[in-house]
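Using the sequences and the hints, build the whole thing.
There are 2 protein chains.
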Amino acid sequence: MIHIDFRDPRPIYEQVYDALRNLIVSGVLAPGEKLPSVRELASTLAINPNTIQRAYRELESDGYLCSVPGKGSFASGSDAARSAHRRELLDRFCALAEELRAAGVSDENMIRAIRGGERT
Amino acid sequence: MIHIDFRDPRPIYEQVYDALRNLIVSGVLAPGEKLPSVRELASTLAINPNTIQRAYRELESDGYLCSVPGKGSFASGSDAARSAHRRELLDRFCALAEELRAAGVSDENMIRAIRGGERT
DNA sequence: AAAACTGTATTAAACGAATTAATACAGTTG
DNA sequence: CAACTGTATTAATTCGTTTAATACAGTTTT
Numbered sequence: 000m001i002h003i004d005f006r007d008p009r010p011i012y013e014q015v016y017d018a019l020r021n022l023i024v025s026g027v028l029a030p031g032e033k034l035p036s037v038r039e040l041a042s043t044l045a046i047n048p049n050t051i052q053r054a055y056r057e058l059e060s061d062g063y064l065c066s067v068p069g070k071g072s073f074a075s076g077s078d079a080a081r082s083a084h085r086r087e088l089l090d091r092f093c094a095l096a097e098e099l100r101a102a103g104v105s106d107e108n109m110i111r112a113i114r115g116g117e118r119t
Numbered sequence: 000m001i002h003i004d005f006r007d008p009r010p011i012y013e014q015v016y017d018a019l020r021n022l023i024v025s026g027v028l029a030p031g032e033k034l035p036s037v038r039e040l041a042s043t044l045a046i047n048p049n050t051i052q053r054a055y056r057e058l059e060s061d062g063y064l065c066s067v068p069g070k071g072s073f074a075s076g077s078d079a080a081r082s083a084h085r086r087e088l089l090d091r092f093c094a095l096a097e098e099l100r101a102a103g104v105s106d107e108n109m110i111r112a113i114r115g116g117e118r119t
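Protein chains in written order, with numbering that gives the first Met the number 0: chain Y, 0 to 119; chain F, 0 to 119.
Zero decoy hints are in this set.
Partial list, computed: chain F residues near chain Y (C-beta under 7 Å):
| id | residue |
| --- | --- |
| 1 | 85 |
| 2 | 92 |
| 3 | 95 |
| 4 | 96 |
| 5 | 102 |
| 6 | 110 |
| 7 | 112 |
| 8 | 113 |
Rather than coming from a laboratory, the hints here were simulated on the basis of the structure.
Beta carbons are placed, not taken as given, at the ideal position from N, Cα and C, and that holds for glycine.
If you want it as structure tokens, here you go:
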């Protein structure tokens with residue numbers, strides 16, 4: 000379900016965050032669907048529960064899931080999740096476009112890069 | 000000339016790297032112009048020479064400057080530097096566009112984001 | 001009601017990357 | 001020769017991440 004790369008310099012909690020967010024926004028985890036418990040996922044991935052807890056905490060504070068003490072953690076509505084994710088990506092996208100413009104890249108060349116995936 | 004933010008979670012050597020690269024690709028540091036020595040810049044910024052050394056080493060390995068033992072470090076030709084920088088930014092840009100496409104954002108909406116800087 | 005689950009919080013230890021510190025060596029310049 | 005330059009190395013420190021070991025309160029199950 001989730002794969003952790005221990006050679007990846009990025010923190011584990013961040014890898015877990017990204018993986019779960021992707022499952023949520025893609026709808027693999029349906030809105031309202033229950034996620035594995037903190038301890039269960041920690042056991043499955045062979046990492047510490049505190050690390051999972053941190054990923055869950057940040058996923059909740061970013062609106063991707065909802066945790067209820069005693070009950071569990073549940074995927075939030077995929078509409079809201081998708082919006083949050085798009086917003087996040089678009090912000091980074093605009094910032095990068097700004098940098099590219101400062102580097103002398105024209106809008107036309109950016110558009111070409113988007114359309115073609117080319118790296119000329 | 001350069002400002003370091005100690006509250007920034009990013010490593011200092013990376014902040015120095017970015018700042019110097021920007022000065023080089025923007026032409027503020029002309030091609031061939033001598034940069035402050037490792038020890039001098041370290042003293043100016045009140046950080047350790049080893050940290051500056053690391054920034055310089057990576058700037059050289061990425062083609063933004065050229066270090067000569069005994070003489071100093073010199074900004075590389077801004078043409079090559081600009082190209083390297085644009086390549087780097089464009090790679091990240093294309094990767095982000097890919098993610099946005101996967102998130103269901105159309106090319107048209109990406110283009111709109113570039114043109115307007117809008118965040119709708 | 002008891003047992004087994006859930007999220008959450010806390011404290012301490014271990015680990016690794018970043019940073020500092022203190023040198024040292026070789027080449028260049030004045 | 002003296003003062004600069006880049007470069008290399010080793011050890012100590014600092015800090016964020018991760019682990020570990022608990023504990024508490026609420027929910028579900030038996």
